[in-house]
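**Student:** As a plain string of letters, each chain reads:
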Amino acid sequence: MNPESTQFCRPNEHDISRRAFLAHSLAVGSGTLIGTSGAVHALDEDGLNAALRHSGKSVILLWLAGGSSQLETWDPKPGRLTGGPFLTIPTSVPGVHISELMPKMAKRMHKMTVIRSLDTKDGGHGTAAETMLRGRKNEAAQLYPDLGSIIAKEFERRDSKVPGYVSFYSQTEGRRNTGATPAFLGARYAPMILNDGMKPANISRLESITEVDHRDRAELHKLLSARFARSRDTETVKSHASAYAKVHGLMSSESLFDITQEPKWVRDQYGPGQFAQQTLMARRMVESGVPFVRVGRAWWDSHGQNFETHAEMVPELDHVMATLMDDLEQRGMLDSTLVCAFGEFGRTPKINASLGRDHFASAWSAAMFGCGLQPGAVYGKTDEDGMTVAENPVGPGELFATILKAVGLEPEKEYYSGSRPIPLVNPGIHPIPDLLS
Amino acid sequence: MNLKITEQKRVSRPDIAFCLIREEGTRRVFFGSSDAKIHTLDLTDEKPEDGAFESDQGHQSYITGLAMARPGVLVSGSYDRQLAWWDCKKRSLIRKLPAHEKWIRKVVSSPNGKLIASVADDMVCRLWNSTTGELHAELSGHAPITPHDFPSMLYTCAFSPDGQVLATADKTGQIVIWDIASKKQITTLEAPIMYTWDPRARRHSIGGIRSLAFSPDGKSLAVGGMGKVGNIDHLGGQARIEVFNWEKQESIAAIETGSVKGLIQCLAFHPDGNWLLGCGGDGKGCAVLIDPAKWEIAVELQTQYHIHDFLLNESSDEIFAAGHQSIGTLGIEAV
Amino acid sequence: MMNDTCFQSLISRLVVLLSPLFLVPSSFCVGGESAPWWIGLDDSSLPGREEAVEVVIDHALAQKLTDVGIAPAEPASPETLLRRLTLDLVGRIPTLAESGEMPPAVETADRLLGEPGYERFLAEELNWLLLDGKNGDFRKFLQRAVAQEMRWDEIFTEVVTARPDSEFRKGVDQFVRERVQDQDKLTNDVSVRFFGVNVSCAQCHNHPYVKDWTQDTYYGMKSFFSRTFENGGFVAEREYGLISYKTTEGEERKPELRFLGGPALTEPEHREPTDEEKKLEKAMFEDLKKKKELPPAPNYGRRARVIEAGLSGENDDYLARSLVNQVWNRFFERGLVMPLDQMHGENLPSHPVLLQWLARDLVEHDYDLRRLIRGIVLSQAYQRSSSWESSERPDPELFAVMTPRPLNPRQYGISIKIGAANPDYFPANLTPEEWEKRIEQTERNGEGMARWFQRPGGTFHFSVDEALYFSNSDDARNQALNGGLVSHLEGLKTVPEQIESAYRSVLSRHPEQDEIDLFSQYLSARTGQTKEALGQMVWTLITSSEMRFNH
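Chains as they are written, first to last, in my numbering: chain A, 1 to 437; chain B, 1 to 335; chain C, 1 to 551.
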């Protein structure tokens, strides 16, 4: 045997593997199906702190890709040259006005938690998206996990058949900016990506293979992959086995992806648009135990014709958010689900000659509701023209920490990247108490 | 046709001027602004002094339409859904009324001065008695929702020179022709290229018909907007004008610019039909002169500022323009 | 002896390596030098210019490994190396017949470098680099160009000139033509794909990290392309036209031609033509459009200046360095500069002297890619194992161990076709012509499968979509069951023979004892449905992680 092959072959481990396989094969005859969570899973174990695992929390991120305008949504500036043409309306929170484009959310403001003072300093689509989705920028020597990966890791049920993290992004613009990295959390927390339609392709077993054979084959696959990965501990290698490990769980939850299983009146309530239907699907998934769903709504980047674009897209956002809020509340899910809506940055108060607004990260807004948040809170202020933050600036880290804390996680909790301890947010970053209930 | 257009005077401002009226026989202009006020300038002056119509009861948002109700009385329309009548000399408010359920896009007066037409994103055109402000008619026929399930916009309207007919045009490229006397639809026309819906990359739309002008003989209708564009984040398509024989519902011409890009925001024929002028722009501005004999572009000029509205002087050799942070004039002359 | 720059670069690298301990972001800039890293570089630490490429590579890498005190991985096994070379040079796994022979690596490398498959694969990779793998006339142009051994600087010239004025050049204009409606995209794509420099960060504001990069830099680069437009399906260019832009302060500026932040280039005086001249020009272009003719090149063309600028003096190092970096990245899953599109002067490579040496070597040898690639694959660094036993894998920028690289879609598709085929389809005694014909056909079939897989890039994670495709699609089932291998296995007498044959066909190696035991158990329990069971075994192998990676 050449030296290399001994690296694959650890007698004890492979005996366990073989025994597990044999036990499984023997059980086949008796008609029972042993789940795949056997000893082989020992390879996936990474020492979670069980005390900190809170079951049943979920997060839906409405990702407003391209950068929606805070001036046409949550932080309007009526009467100013930077304010644009839309008027403001009062909300159910006394003294708080938002854009007339969001009448439904105005009525529900007392259940909302809004930040108006984001100052995130990065006006580049790719880098800003990377930062907003992770609470911090990746470094050359260290990748950080994105929100979805963290929530999936923390709240995915052990024997879960549904994915831990689903991402919808059906438009093509800006899709690449949302590359999710589980980083040191592990490849199994990478998202299931649904870019074409709402259902993964090839989710049903072929008639030409029996259930038993299908599983036996998957077991073989797992054993061989583990063998290969033993001395090739890279994220990409591990992600290969992870992808296959998800197959059976997904197959058994095929009906989850069928939106026609939702009554027509519910589908009609959300509306016919792609964004609306995907948000409905997000609720459906969360209801079935998926911890994190991101619904990408691209593309808000209105360098030209900002008011036309927002007159078109903001009422949709208003309706979808309101419907989602009502839906979650009626199902008793509001206390265990956090919904947040933001993009990579906001838009310039200055209006350009195409009647557009450009990228702007110095003073913009994010909106949230649900689990662990302080309802009716409107945090931070911008100046009268919306050019700078006047009170309580919030960076990407603070927003991130607040979301984590709201769902019951400790942002200072440390994970291990190799031997290096890494907290979920950078040192010195804290959640904002005023935003938490 | 050997003409050229040159930019002449330009008055820079901090606001955006959307609509323009000129006092006949003078170089005094009135324009509606993004600061919710009507302003006036006498362009004879080297450095014209700004005069604003101040009122506590005035508009609350962009003034997008201005028309002359009668000499000395202006009507303005705004995103605040209101129409307002103003005394030009006193610069004071005469009356204000809630005119639409959504944002008013344009206000025009009929050739005989008796009616004021307003169009808004509630997708109706309303006709008003220009003196009393009474509602005369409501013309409803444009779809409130686009074919892609989003709210639509009703951008523009224009009377025929004899005042018997009115055209209205919307976001999706639909034009409706109305008979004023009967207040009914006569016919419809389509210019769908001016509406770009992007289903794949960005999943929203851009464009729409922004300007209309009947030819002096009333038979042709020119329609202005922007051609197809790939990246709908910007006004990156060629400026586009289509011309119809509206009675026969026939397309006569479809013209796109070569180098300038953007929307054609305003159109006007020479009173004798010698040419058709369209102005607008993207991040810059444009002025396009078309020869109706061949329906070809005779002059294509990139201007310093995006032009939202313009008027011609009595001899049709001077253009008064209102636009992005600018009020100015341009000259049309033989080469 | 190290000079200041060397010392600083060493400190920077140590900061990078030690930063995990100090939580120091590695973009921390030591020394504050504003000159690009390649100025004043001392290459006395490397062997002379007459040394072989692989010797220089190993020397440079070994130096750093010694500095940090890490011993590199063992050499890969001969079977592994053969598979790796075949995948890397001709884009597929070896056939059974090819893996029978185990000559020294240099012979295998030279054999593969001489095969037509090398050229086809290279053209594919260049097509990915320039046009994201799009199918079309451009791809065919690249195939012709590579077959004629066209130099990279010539390819660059042809692509940016964009004049398809001959059968040979048909399709060459696709790169420019597809981007001409969006000049920002054209500017940035030329900068990124040819020069490794993403200038778009400096479009809206001065570059956040590179001090000297202002909006003038961006628009100076864009100016090369501002007169280019499309005319009736061809790329055309005007003689006139200046662009302007607004700074973040609202100041309007007219930029001058500048190549990647370099000095302003002198141009003939610009004159805006008269309206009459414009009319004539417009009529000319309209006429050409009607006749579907290629417009003539302008008397003074700005776009041609970017070619001139890119190939002159020290500027051509951008072109060479970027290509070296891309090629290096292809073989090591990591460039000497990362990210690949940040090859500006303030982003220090992991091995700056090596990169500069390789770039100069490439230029001095007329952009001979074969020479560069040969040198890389003959290095010890390339020939190392991808296995690493002890705790953590070393920092990838040390190149101490080979990183397992996911096969790209084309490689995977073709390899499945070969692996699951009847090994008798590629017997050792085929004539070269027949063999070549069959390989080409197999490649085409494999390309058809490739559309199911994602092109790896960055930190790649396999999606569950691929796993579902293989687990549940008719197509995947067909590949495994009916590719020819299963029929061949059915004809073998014993189970161990079947397992051996399957492993050698698909994974290009002999099975280990535990694997023989595993599959023996599996197959013996299914003697009633042999074909199906053999099909599942083949399925397992073609979908295994080992097959999926170039390890």
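The reader is advised that the hints may include incorrect statements.
[To be verified] Non-contacting residues of chain A with respect to chain C, defined by C-beta distances greater than 10 Å in every case (computed): (1) Arg80; (2) Arg108; (3) Ala201; (4) Asp233; (5) Val247; (6) Pro263; (7) Gln277; (8) Ala322; (9) Val389; (10) Pro393; (11) Glu412.
[What the hints assert, rightly or not] Short derived list, chain A residues pointing at chain B, Cβ under 10 Å: (12) Gly83; (13) Ser160; (14) Gln274.
[What the hints assert, rightly or not] Derived list of chain C stretches under chain A, where covered just means 3 residues or more per stretch with a C-beta under 8 Å from a C-beta of chain A: (15) 393 to 407; (16) 453 to 461; (17) 472 to 480; (18) 531 to 542.
No wet-lab data here; the hints were simulated from the structure.
Just so it is clear, CB atoms sit at the ideal spot from N, CA and C, and this is done for glycine as well.
**Student:** Indicate, hint by hint, whether the structure satisfies it.
**Tutor:** Cross-check of the supplied hints:
For A:Arg80, the condition that its CB be more than 10 Å from all CB atoms of chain C holds, with the nearest at approximately 18 Å. For A:Arg108, the condition that its CB be more than 10 Å from all CB atoms of chain C holds, with the nearest at approximately 35 Å. Its closest Cβ contact with chain C, about 7 Å, brings A:Ala201 to no more than 10 Å, contrary to its assignment away from the interface. Distance check on A:Asp233: its Cβ comes as close as 6 Å (rounded) to a Cβ of chain C, failing to clear the 10 Å threshold; non-interface status is violated.
At roughly 5 Å from the closest C-beta of chain C, the C-beta of A:Val247 falls inside 10 Å, breaking its exclusion from the interface. No Cβ of chain C comes within 10 Å of the Cβ of A:Pro263; the nearest lies about 28 Å off, and the non-interface call holds. With a least CB separation of 20 Å from chain C, A:Gln277 remains clear of the 10 Å interface cut-off, as annotated. A cut-off of 10 Å between C-beta atoms confirms that A:Ala322 is not in contact with chain C; the least separation is 32 Å.
Taking the minimum C-beta to C-beta distance to chain C, about 18 Å, the non-interface status of A:Val389 holds against the 10 Å cut. Consistency note on A:Pro393: stated as away from chain C, and its beta-carbon is indeed over 10 Å from all of that chain's, at 19 Å minimum. Distance check for A:Glu412 against chain C: the nearest CB is about 14 Å away, which clears 10 Å, and the non-interface claim stands. At a threshold of 10 Å, the smallest CB-CB gap from A:Gly83 to chain B is about 8 Å, leaving the interface hint in force.
A distance limit of 10 Å between C-beta atoms decides the matter here; for A:Ser160 the minimum to chain B is near 31 Å, and the interface restraint is violated. Interface restraint check for A:Gln274: the shortest CB-CB distance to chain B comes to about 7 Å, inside 10 Å, so the restraint holds. For the stretch 393 to 407 of chain C, the stated coverage by chain A holds: 5 residues have a C-beta nearer than 8 Å to a C-beta of that chain, and at least 3 were required. For the stretch 453 to 461 of chain C, the stated coverage by chain A is satisfied: 5 residues place a CB nearer than 8 Å to a CB of that chain, which reaches the threshold of 3.
For the stretch 472 to 480 of chain C, the stated coverage by chain A holds: 4 residues have a C-beta nearer than 8 Å to a C-beta of that chain, and at least 3 were required. With 6 residues bearing a CB less than 8 Å from a CB of chain A, the stretch 531 to 542 of chain C meets the requirement of three and the coverage assertion stands.
Checked against the numbered hints given earlier, this structure breaks hints 3, 4, 5, 13; the rest are met.
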